[in-house]
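Can you make the complete structure from the sequences, with help from the hints?
If you're matching them up, the sequences are chains A and W in order. Read in this note's numbering, the first sequence has 199 at position 199, and its numbers run on one by one without any break. Going from the second sequence to this note's numbering is simple: count from 1 and add 306.
Computed list of chain A residues with no C-beta within reach of chain W, every gap over 10 Å: (1) Cys25; (2) Lys206; (3) Ala230; (4) Asp270; (5) Ile286; (6) Lys301; (7) Val304; (8) Gln306.
Now the in silico label distances, taken between C-beta atoms and shown as ranges: (9) W/Ala642 x A/Gly96: 46 to 54 Å; (10) A/Pro62 x W/Lys682: 56 to 64 Å; (11) A/Val304 x W/Gly529: 49 to 57 Å.
No wet-lab data here; the hints were simulated from the structure. Cβ coordinates follow ideal geometry from the N, Cα and C atoms, glycine included.
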Amino acid sequence: METLSIYAPRLVTKRQSFTPGHRACSGCGEALAVKLVMKALGKDVIVVMATGCMEVISTQLPYTAWEVPWIHTLFENAATVATGIESARKALIRKGTPLSKAKIVAIGGDGATFDIGLGAISGAFERGHDFLYICTDNEAYMNTGIQRSSATPFGASTTTQPAGKVSFGQGTWKKNMPAIAVAHDIPYVATACPSYPFDLMNKIKKAVAIEGPTYIHILAVCPTGWRIPADVTIRLGRLAVETGVFPLYEVENGKYTLNYEPPQLRPVIDYLKPQGRFRHLTPELIDKIQQRVSQEYARLKEKVTQ
Amino acid sequence: MGRRVAFESSCAIAEAAKMANIDVCAAYPITPQTHIVERIAQLIADGELDANYMPVESEHSALSGCLGSSAAGARTFIATAGQGLELMHEVVYVASGMRLPIVMAVCNRALSVPLSIWGDHSDAMAVRDTGWIQIFAENAQQAFDLTLCAFRIAEDPAVLLPTMLHIDGFHLSHVIEPVLLPEQEEVNEFLPRYHHPFVLDPKSPVTMGDFATPALYTEAKVGQDVALRNSLKVILQVFQEFGERFGRDYSPVETYKTEGAEVLLLTMGSFSEVAMEAIDRVRGAGEKVGLVRLRLWRPFPFEQFRQVVNQARLLIVLDRALSFGGPGPVCSEVQAALYHLRQRPQVVGFIGGLGGRDISVEGFQDMVHRGINKAKQGKLGEIEVFDVREQ
Ligand SMILES: Cc1ncc(C[n+]2csc(CCOP(=O)(O)OP(=O)(O)O)c2C)c(N)n1
Ligand SMILES: [Mg+2]
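See below:
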């Protein structure tokens, strides 16, 4: 069984509906995530995207990186636009227009998801539309220049919550967005990271096969905003998972499953150390983060065994 | 041959949306718009209308849902008022920029603060520059007729622009009047199913809502402006065809006893009907007055407007919104439309009817007389708020 994984790359389609040539920074984990998402989704899909890096780098007039129908309108409403498309197609099909049962997928950054669009996402989940919402979380408002969001981790330095002589940057803990999605009683919630491409693509396929609203939260490493070299994106995503900072799990109808469980978590310092945004942290603060991560991880494991 | 029913204007609009066989309606409650969307919900609940209803969590989402729906090719209807239209503001621009033929009924309402649920045109004026076609109705029959016209105009392949129908909150939205309803087949002939040339569908992928650098933004926006200006041709055609089919004629600038009139009063919306009564009385007293009712606010019907007013000596304009620190928005528009003409009336502006305050027949008579006196005294540029308490 072990050897099977070496054949796996061949199982991934070469077809790209999010095509190369876009303007993402080198090493962009978000663009990589979107590429994998689109490979998993195939052609019968309509993509709605919130304002943010991914929209700006992929659709500069008169060019487009998209080979599937794609719409961007505003920053905070991708979920709602998606539900409008879903409602429209359902009505049109019922009234006799021959349309495919295309998957409807909304994609937003952490700012679009955790902050400005949260109400719209909550409404869309509550109304029960059949669509997938994907958050590509690079832990700040990157498109506008690395400003903090409620997804920014404790201790990170951003341009609106910078570290300084009397500040260590972000003083709040990252909002638990997947838990908020789960609280809506939707059938499927999962976390993923492009450093684990098969896990990510399988989750996407699983989500869109389920009727009703689904949510996938993707950690997207951002070399520009995290102040790391462009060639360590994959490595950092792995470290986020291996340290327990970003565990990979699924919640199916309320039931938690941990998808990857390292025999022993690495210390968080392994993840924090390479990143410029955490450079200023004192051993005490790193300790504090370690405690929090261990505690959150334990809480998650409790949910898994329940 | 249709039937005659007593309808609240709100229900008349809902009935028109039903006869237009809309596919999607998104709604969020706000007085005085609620009766429209409640009625549509009931029509769907009773199986009289086959549409999907999106009971969203805010007006921002209501119109955002409509963006998606319309972009997917569905006939899409929405209604709002006052604060609701304000909360939608950025979405309003996107609908026109994307050329999505959404039809929106706005039950015109004053804006906070102080909180007022009653009518004026502050909400309409705040979306003046958003690129929507904007039409004002004066009574329940017009509200019904113009809703049908709005879909036909918006969806015309030469137009493809969202269209707003303004009806005065309470003064019109909650008034019960007789309405002639056409047969469904007649409506179907006037308003067949439409097909947007660029919809979101995997069969023919399109990218909508791109990002533009300074190299292309101007061209994109000018294209939109040209489309809005050119829509006037289609609006005229649709009004004409509507008249031929249903026997009720509409035009961008409507008149009442303007022939040979030396003094004209200009109003928009339901106050026009009261103003007509005042015109009759002032005429009875020997003054040569007439009434101009601006039906089409955007695109502004420059030609038609000039033709109606250029023989008059004086034009008295009523604005039902304040442009704080400036002239009334309709008044300044009208003045701009006339400024370069050699023969043009003098213009006097009044602001009144704010936050639901009535203007009676006597009030309009008074306004006409005051306007005439102001012109005589050369106080043309003065901005006067009508019927305001001193203390
Ligand atoms: C209403 C509104 N407020 C602010 C902005 C400015 N804005 C555009 S993109 C963006 C940041 C997006 O951050 P995020 O959602 O995290 O996506 P990222 O760029 O990081 O991928 C901001 C603040 C906007 N476009 N609209
Ligand atoms: Mg971000």
